[in-house]
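Single-letter residue listing:
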Amino acid sequence: MSFSQVMRHDFSEEMPRPGPLATLRERIRQIEQPRSHGVLPFGIAAIDRALPGGGLALGAVHEILGQGGDEEDGAAACGFIAGILARIRPGPVLWCLKRPDLYGPGLLARGLDPARLIVVSAPRDEDILWAVEEGLRAPGLIAVVGEIGRLPLVAGRRLQLAAEHSGVTAFLLRRWRNSEEAARERERPSAAVTRWRIAALPARDIDDPRLRHLIGQPRWRVELLRCRGGVPAEWIVEVADATGHVRLSPELADRPAAAQQFDTEPRLRHFG
Amino acid sequence: MTASGGRRLLAALNPAAAAAGLAPGMPLPDALSFVPGLVTLPADPAADAAALTRLAEWCNRYSPWTAPDDADGIKIEITGSAHLWGGENALVADISRRLSRQNIVHRIAVASTLGIAWALARHAAEAGAPALPAPQDERAALAPLPVEALRLDPDTVQGLRRVGLRHVGELYPMPRDALARRFGDVVARRLDQAFGDLPEPLSPLGETPSRRVRLSFAEPIADPADLARAIERLVEDLAARLAREEMGARRLALGFHRIDGRVEHIRLGTARPSRDPRHLAKLFAAKLDTVDPGLGIEDMILAVFAADPLPPEQLVSHFRDPSPQAGEDVRRTSGGQVGASSDIAPLLDRLGNRFGLDAISRMEPRQSHIPERASIFVPIDGKRSSDPSVIPGRRAAASPESMNTGLWKMDSGPAPMARPGMTSGEVAGNSQKPPRPVRLFRPPEPIEAQWVLPDDPPFRFTWRRRQHRVRHADGPERIAEEWWIEGDAAADPHDSGDHIRDYYRVEDEEGRRFWLYRAGLPGDPPPRWFVHGLFA
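For the protein sequence lines, the chains are E and W, in the order given. Counting with our numbering, you get residues 5 to 276 for the letters of the first sequence. Counting with our numbering, you get residues 19 to 554 for the letters of the second sequence.
Worth flagging that the hints you see were computed from the coordinates, not collected in a lab. It cannot be assumed that every hint is accurate.
Said to hold, decoys possible - Computed footprint of chain E on chain W, listed as stretches where at least three residues anywhere in the stretch have a Cβ under 8 Å from a Cβ of chain E:
id	segment
1	231–241
2	277–289
3	365–374
4	457–467
5	525–537
Claimed, not checked - Simulated crosslink set (EDC-like; lysine to aspartate or glutamate; CA at most 16 Å straight-line):
id	chain 1	residue 1	chain 2	residue 2
6	W	LYS305	W	ASP244
7	W	LYS300	E	GLU138
8	W	LYS305	W	ASP326
9	W	LYS300	W	ASP376
10	E	LYS102	W	ASP376
11	W	LYS305	W	GLU390
Note that the structure is predicted; figures quoted are calculated from it, not measured. Cβ atoms here follow ideal geometry from the backbone N, Cα and C, with glycine treated the same way.
Make the full structure from the sequences, and use the hints.
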């Protein structure tokens, strides 16, 4: 009697059957690794390598910051987001902001059809957060953009949960009233899956010497400041075409060493 | 107590004062000589009128057609609603019971015309003894009443009395033309109105709804959970009715009738007709915290003020479960772009009811050279824009939630007006169009600019207290005011400088790219500079 029991015990240890413990393990795994809604590759190996899954996670919250004066105006960040929205898939996008300063022809040039946008103007951060969350819970939207100043950690977590649940992707374009607010908010922790900073860079000189005084293709420094399960990195890209794609900026004659690395490995940033 | 011509007069009395021999209109010194200890308060006709209006609104529970009548009455059209209360007697008893509970002294009369009801209520009914004559007895019931009961002005009443006509019945045998000669047509008209020979429409308080559903509670309720359940029942009743009529509600109001006689309202508008009970209930529930139930709600009335046809087949997406398993839902619906968008109507309503429907807009292109007119925000309020400058052949979005993805095209918009040889393909990217910013300031923001030659872009400018040094610049692209459009700024001689704008795209040392323009022609007077937008 007792012998057979020992045998059975041994057996179960070797080949665990789904019991309460296994169920619990599975639940923990689900909590730690939420349901995946797929990724959107940038189509640039150097960038996609830095992101877990090989692209921007869909059904998640992404934070996009500006740099310098653009922390207030969010122009470069807006162009970056428009390029991503252009490539996710067709369908309506909710864009929540405080004052409607989006400009259709400019978005179109980044590949985003302005007819896809539902623009909500609301005066306060709380209103924007509310609208973003409503959008993330609504079926039928492809993505939600919220231009937001103050973002409490708890609110960010709520958005992340809502995005994971519905599969709608959220972009929080951090836009601050002034440099004081920017300094206060910039370093706060957030629940977003990634945090990016997009800075406009001077365009490359145009090759034709007669046109050298003109402006070349827009160029950005794209910094992946934080990425859940990924590695912080930065790249220099320029707008490739009007389909929302970017390409790595070709190396410059006057910037040899640093620029060469971009095509191979994301440059690791050093912290602390 | 009221003041008139420097004298203070009694305006209204309580029963005790009336019993002591006082009467409205009596001067205060006289009244004080009758009753030395008289307590008076200043009259507040505005507050009285407001209270009466509130009471008339409360009476909505009996019928949608209620209105204050003079300074002291309320008229209610109960045709068609008395049977809901078990007959006129039961309805009157209910009104009386509830008014008494609010300590409102009242006299009630029911008659087939407004004129008779008015007369009976003021001259025949007593508190606790309503006047409800049978229709055939109304003429007789009116006869013994004083002539004032015909709603006549004091002069006419005096005139009738002088010739010995004191009671309404004494007027019955009089020839109408004799009455008219003597007193004008007012007496005859009032008689005709009383006996229904002359129709008298009741102008109701505010707008009358097209559909109403009512829920009454035996015990007043105040708990939000109870109210939410009541809302669900009401919208289900309404939805069933709308479904039969193949209509959807556009504008609704939910009235909460409190036991203290006040009425609280939640008003709603929807972006498109709806009769989805869950959606409507959600919209009301979201605003439930604005309702103060006071000591309790005894009635809730859900009224539809505007409705549009809504065929049954459009309803399918409304009933789709919006929250759980949404992941699958999104994947399934988002493939077809326009088909998926009917799912977002409930979202538009929720947003609209928090921010107002005009805070939600779509972007539409317009055929215009003026940058701020080429891309406009069109509010999603269900109205069609009638702007004639809509690009022909590409009609604006057909309905608030449909996406018209053909509206914007890369090749749309004006041809560049740049200087020859200025914009090369390399500069403008793959498009031949001059570049446009992603952010546009409405209105443009003035800057302080420094430049060398009149036709040059600035080499330095200050915007929002920040200085920018210009490293590169494109331009100018000249954009002239559309003088052919009526009501343009061209009509304003003081603003002549803005007719012509020369736009430059400039890049500062950091690499930020601005869209600047110079208003007016270079030279005299000194041009003004603006930043109009920012490039990505």
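Structure-based check of all given hints:
no., hint, in the structure
1, 231–241, "violated (count 0)"
2, 277–289, "violated (count 0)"
3, 365–374, "holds (count 6)"
4, 457–467, "holds (count 4)"
5, 525–537, "holds (count 6)"
6, W:LYS305 - W:ASP244, "holds (15 Å)"
7, W:LYS300 - E:GLU138, "holds (13 Å)"
8, W:LYS305 - W:ASP326, "violated (23 Å)"
9, W:LYS300 - W:ASP376, "violated (21 Å)"
10, E:LYS102 - W:ASP376, "holds (14 Å)"
11, W:LYS305 - W:GLU390, "violated (36 Å)"
In this structure, the earlier hints numbered 1, 2, 8, 9, 11 are contradicted, and the remaining ones agree with it.
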